[in-house]
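Engineer: What follows is each chain in one-letter form.
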Amino acid sequence: MENRPLEYDYTVAKMFMFTTVILGIVGMLVGVILAFELAFPELNLVLGEGFAEYTNFSRLRPLHTDAVIFGFTLSGIFATWYYVGQRVLKVSMAESKLLMFLGKLHFWLYLLVVASVVVSLFAGVTTSKEYAEFEWPIDIAVVVVWVIFGIGMFGLIGIRREKSLYISIWYYIATFLGIAMLYLFNNMEIPTMLASSDAGETGIGAWYHSVSMYAGTNDALVQWWYGHNAVAFGFTVPIVAMVYYFLPKESGQAIYSYKLSLLSFWGLMFVYLWAGGHHLLYSTVPDWMQTMGSIFSVILILPSWGSAINMLLTMKGEWQQVAASPLIKFMVLGSTFYMFSTLEGPIQAIKSVNAIAHFTDWIIGHVHDGVLGWVGFMIMAALFHMAPRVFKRELYSKSLMAAQFWIQTVGVVLYFTSMWIAGITQGMMWRAHDEFGNLAYSFIDTVTVLHPYYAIRGIGGLLYLVGFLMFAYNIYKTMSARPVEESELQNASPMGA
Amino acid sequence: MFHWLEKHPFFFAVGVFLVISFAGLVEILPNFAQQSRPVIGTTPYSTLELAGRHVYIKNSCNACHSQLIRPFKSETDRYGHYSLSGEYAYDRPFLWGSKRTGPDLMRVGNYRTTDWHENHMKNPASVVPGSIMPAYGWMFTNDADIDTAFAEQLTLSQFFSVPYNKEVPMKDGSKKVVKMGGSIADAHTLALDEAKVIAADMKDQDVKDKVAHGEIPEIVALIAYLNSLK
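Chains U and H, in that order, are what the protein sequence lines are. The numbering used here numbers the first residue of the first sequence as 18 and each following residue consecutively. The numbering used here numbers the first residue of the second sequence as 643 and each following residue consecutively.
Everything labelled a hint here was simulated from the structure, so no lab data went into it. Do not rely on the hints blindly, as some may be mistaken.
Said to hold, decoys possible - Heads up, incomplete: computed chain U residues facing chain H, CB under 7 Å, no partners named:
no., residue
1, 79
2, 191
3, 214
4, 223
5, 226
6, 233
7, 236
8, 300
9, 360
10, 361
11, 368
12, 460
13, 463
14, 465
Unchecked claim - Covered by chain H, per the in silico footprint, the following chain U stretches (three or more residues, Cβ under 8 Å):
no., stretch
15, 418-424
16, 446-454
17, 478-489
Everything numeric in this text was worked out from a predicted model, so none of it was measured. Note that CB positions come from ideal geometry on N, CA and C, so glycine has one too.
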């Protein structure tokens, strides 16, 4: 056998890179529109009275969250899986016709589900549960897509040459299992078409409508066990998988500590699932569960920081790379935002802090320093690393990338600082009493005061979107404008450092 | 052990699954043993109220309004008695929300009227100066989906034993029966009877005319639902 590196087949990775970029633009654009609608309510009518139903804040809001979570992030996870998976398992997708078929099927069915989600959310067909808005027909399709993804994943693992599973693979496996478990249990519902009336009529009303299997407090408990851990297995676990692969590859540094990665992996797996209760503090959920939610949220700092510190120490002695390479900048700042966000979360999960923070924009700020600073930066960094290797071209522009980094960083900082101030201001105003023990502010006072912060947040979001468009342009120019290299670039990083 | 696991993906996956499912088993399952029992005075939703609840969900009202009053003085002063678990016994799905861009609505039926809602949904800023809530004009023209509400009632009563057409104890010691139709036509009649009561308190002539002709605009159903939140 010839002594040359394996050639990998990136057909499916490319497809998912495409949806990562497109759905990222859609999700972030809707987000920016929403942000400005809160600052300037007349924008709810941006397309006129006739379209008010579809440009309205409330109708668009689930579209933003789902487009970013299940569009941008999930596509990024799939794209990196179909890239990283082959490389660390030392096997090509092209070696198995079945795996290649499953990969393509995965993509096309995924696209079909995305399309049906967009249509259904615009039409207002929703179960109301956050990040689980889809009605039962789409739920079934989601499960099918997920199972195909799983079969493809374990199939590739089954024919691997490298016997030992690299850290990233642990996290991808956990992503698959975690989401499968959560999604199935949270979406238990009974289609209403199954019921029959006394007069013998069946199939009454909308065929796609369903009723949740759980009622009231139980429903809330399952939903936030899901909602919190969808963040775990969508925004944390697979993103850690990415950083464990792309940071060492891009920097040429070995992972700092294997033991630290063990501790943080198994720790994260065990601890994360307990913390969902922190979404339900001071609710009607039993007190001990709320307390467990708080305690485990604080413990969660350990495995989260374990991964982040492992990443940052991987750069030990090589910090000049941060200055030299915008791609390393994205990953190092991403890891830093991860540390920051996983410290902020536990603080908000402390009951007395949560009393102020819950229901306010501080929570929105927390989500966004995590997703913009950590998830978004890591996925874009991964795609920047992949693009030259997948398209066999040099990256179009390094300076564009550097400019994008700074624009987006400013965007994220504007976003979370304004939301901190907004959230804490509103939380404090809600609870303020005057000298006679009456409420000091009417509710509307606590809304109008937020206007400047909503405007600043909108600008922050807009900057991030502008940066993302620069990213999309950079990727587009990379895949289309430059001449094809003879073979895969073996050593050079896309920076040409 | 870890080195061995990392070479055996099947056992690795089993290990991960056991570790991640542990919390759910300990934390969530026990609560299911205590079935959600309604407190006295909590009644199932009528056909029209349920249709209104669907309008509420369709427009993601829960994206900006909570239905959960926390046990703090500032909250009970503003919204009324703090929430009790049993009050949610008939809520499928729960609508606690996670963000209060607008105020809590758990007991909005206690302090807002049909008239107030009508004006507010048409033009929120005219009722609450400075409001950032958008207008919901289409609710005055779109018709509520009574069939689906009826199908949901049937599902609730057949699969979850929700007491429709049965006596439910009230706080004053009396009993109340929430009726559910025996057929689709029956359900429409019940809903329309309720809708007429709401429409009588409304000013919009088009809505009044519609209800008089046997149609039920979304706004009527939504107000019926909001009035039921107490």
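Engineer: Hint by hint, say whether it matches the structure.
Structural biologist: Here is what the structure says about each hint:
1. 79: 6 Å, holds
2. 191: 5 Å, holds
3. 214: Holds: closest Cβ of chain H sits about 5 Å from residue 214 (chain U), inside 7 Å.
4. 223: Check passed: Cβ of residue 223 (chain U) comes within 5 Å of chain H, closer than 7 Å.
5. 226: 5 Å, holds
6. 233: 3 Å, holds
7. 236: 4 Å, holds
8. 300: With a minimum Cβ separation of about 6 Å from chain H (threshold 7 Å), the hint on residue 300 (chain U) holds.
9. 360: 21 Å, violated
10. 361: With a closest approach of 17 Å, the residue 361 (chain U) hint is violated.
11. 368: Because about 11 Å separates residue 368 (chain U) from the closest Cβ in chain H, which is outside the 7 Å limit, the hint is violated.
12. 460: Since the shortest Cβ distance to chain H is 4 Å, the answer is holds.
13. 463: 9 Å, violated
14. 465: Residue 465 (chain U) check passes; min Cβ-Cβ to chain H is 4 Å, inside 7 Å.
15. 418-424: Coverage by chain H is violated here, the residue count being 0 at a Cβ distance below 8 Å.
16. 446-454: Holds: 4 residues of the stretch 446-454 of chain U have a Cβ under 8 Å from chain H.
17. 478-489: Violated: only 0 residues of the stretch 478-489 of chain U have a Cβ under 8 Å from chain H.
The structure fails to meet hints 9, 10, 11, 13, 15, 17 from the earlier list, while all remaining hints are met.
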